[in-house]
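*Asks:* Protein chains in written order, with this note's numbering: chain H, 1 to 75; chain F, 76 to 333; chain L, 334 to 555.
No lab work stands behind these hints: they were computed from the structure.
Source: prediction; values computed, not measured.
In this text, a Cβ means the ideal position worked out from N, Cα and C, and glycines have one as well.
One or more of the hints may lead you astray.
[Unchecked claim] FRET-style restraints, in silico, Cβ to Cβ: (1) H:ARG59 / F:TYR147: 46 to 52 Å; (2) L:LEU540 / H:VAL28: 40 to 46 Å; (3) H:ALA25 / F:GLY195: 45 to 51 Å; (4) F:GLU312 / H:GLU67: 24 to 30 Å; (5) H:ALA25 / F:PRO120: 22 to 28 Å; (6) L:PRO420 / F:GLY94: 23 to 29 Å.
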Amino acid sequence: MGRFDSFSDFLAMGGYASYVWSAYAFFVVILVFNIWQPVLARKKFLKQQLRREQVQRERMQARQKQEGRINDNAS
Amino acid sequence: MWQWLFKLSSPKWFYTISGQLMPWLIAITSILLVIGLVWGLAFTPPDYQMGENYRIAYIHVPAASIAMGCYYMMAGMAAAFLIWRIKMADMVAKACAPVGMTFTALALFTGSVWGIPTWGTWWIWDARLTSTLIMLFLFIGVMALRSAYDSEAAGAKACAVLSLVGVVNVPIIKYSVEWWNTLHQGASSLSLSNTSANPPEIWLPAFFVGFGLFGFYLIAIILRTRNEILIRERRTEWVDELLSTNFGNNISTNEGLG
Amino acid sequence: MSIIAATLRRELLIAFRSPGEIINPLMFFVIAVSLFPLGVGANQEFLSEIAAGVIWVTALLAVMLSMDSLFRADYEDGSLEQLLLSPQPLYFVILAKVASHWLVSGLPLVILAPIFASMLSLPAEGILPLMAALLIGTPILTMLGAVGMALTVGLSKSGLLLAVLILPLYIPVLVFGTGVVDSALNSLATSGLLALLGAMLILALCLTPLAIIAALRISVSL
């Protein structure tokens, strides 16, 4: 496999395994974080917006019902 | 071309255009990163001095340059915001700070880890690590300032001023730290870039990883900027429409990036 | 030019009316410098090695801590807003305010430094270069601190935010300031580094008032 004699040699990285792989692991952490955090924030925002709209809709409906009752009483 | 740039300063068009670009960007970035990393990790010869450890450089070097570029981009956006009052510029600048911070942290971590076998210690006050540490402080400072302001508009302007003050200082800081380092460390061969005796094929994968990481940087910025657009423009018609047509009553969605 | 003189006179008068604001940062400097031998031991050789650095770092911290008196009082009683609206050339007024602040907070440090430097066993050849470096460096620190202060004066719980913002920007001044002393102790020429510091001072004189004015406008509009 490439310049390494075997896959276990590749993992061993000539004795530097802990350094090389911890560096690459942190690299993966950063990659994942930079995608996961904005995606999570977006989902949170969308949930919030939907809830807000639902609350608004319910309030409108309640107001309309009240107005309907007043109109009925008036007419 | 200028028209296209002007379009980008409108949140709606930025959102639309970035939404169309994203799949391509993701595809190209993934290809570049996979090629570069596989090549760099498995198919290049070991360094004559550092053995296999130098492979960390494939990540460390682009991370550090991109972090630096990120600071300059943040300052450029700050200038655009202050001078021409382009709100879009502030949204991009706001995205630059956390992304820049993570890339700086990556550069610092990989640099430290590289240093353990090379210098025998995980931290060393060499010019590059020290300058990068200071840049981390600068990014954190901008983020701290923005969160300290309750008013979004005032916070945006304050961060813009701070970014510009910082950008004037970045070259001065770099120069001073390099000068300080040569004074105190002497001309030792502990430089991370001492690979001139190596064959050029070692650096070819670096281009792939470099461009790939830059593509990823753009993705990170665009993702955060799009969120910021949705939040700030949530009362406009086009966002309203976007939310209701795409997501309707579906709360738990697996929605794409468009 | 008379606006500078008038502002200077007024600011100095106000400063001397509350001597605590002048004395306290100096006392901080004095006490903090004295903490170092207590912390690292009284070995004279070792102290002489760190003397320049200790003096510079504590001076830098003292300047930063004294920044609070620069705009806060004016902000709280509304005169800052009036200042921004006045027809006076703001650039020079700001310069004069910062200069008067330096005269009561930075300059005393320059004068006190030799005493404490020799208490830290700094060799005699280093004392004059140290004073020269501080003389050029402390105005830079004051001006950068003023930028940070202008950005945070309107915030209610800014706490140590000023430190987070400003200390990274202080680093070049620190590096070159201690470099002057190190060069002198090694019998090398100090003029180059002093010239660099001088260039930074001029750059700060030209640019920081602009940043301060922009930041003050933001803070006042809160």
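*Asks:* For every hint, state whether the structure bears it out.
*Replies:* These are the hints, each one checked on the structure:
| no. | hint | verdict |
| --- | --- | --- |
| 1 | H:ARG59 / F:TYR147: 46 to 52 Å | holds, 48 Å |
| 2 | L:LEU540 / H:VAL28: 40 to 46 Å | holds, 42 Å |
| 3 | H:ALA25 / F:GLY195: 45 to 51 Å | violated, 22 Å |
| 4 | F:GLU312 / H:GLU67: 24 to 30 Å | holds, 26 Å |
| 5 | H:ALA25 / F:PRO120: 22 to 28 Å | holds, 24 Å |
| 6 | L:PRO420 / F:GLY94: 23 to 29 Å | violated, 50 Å |
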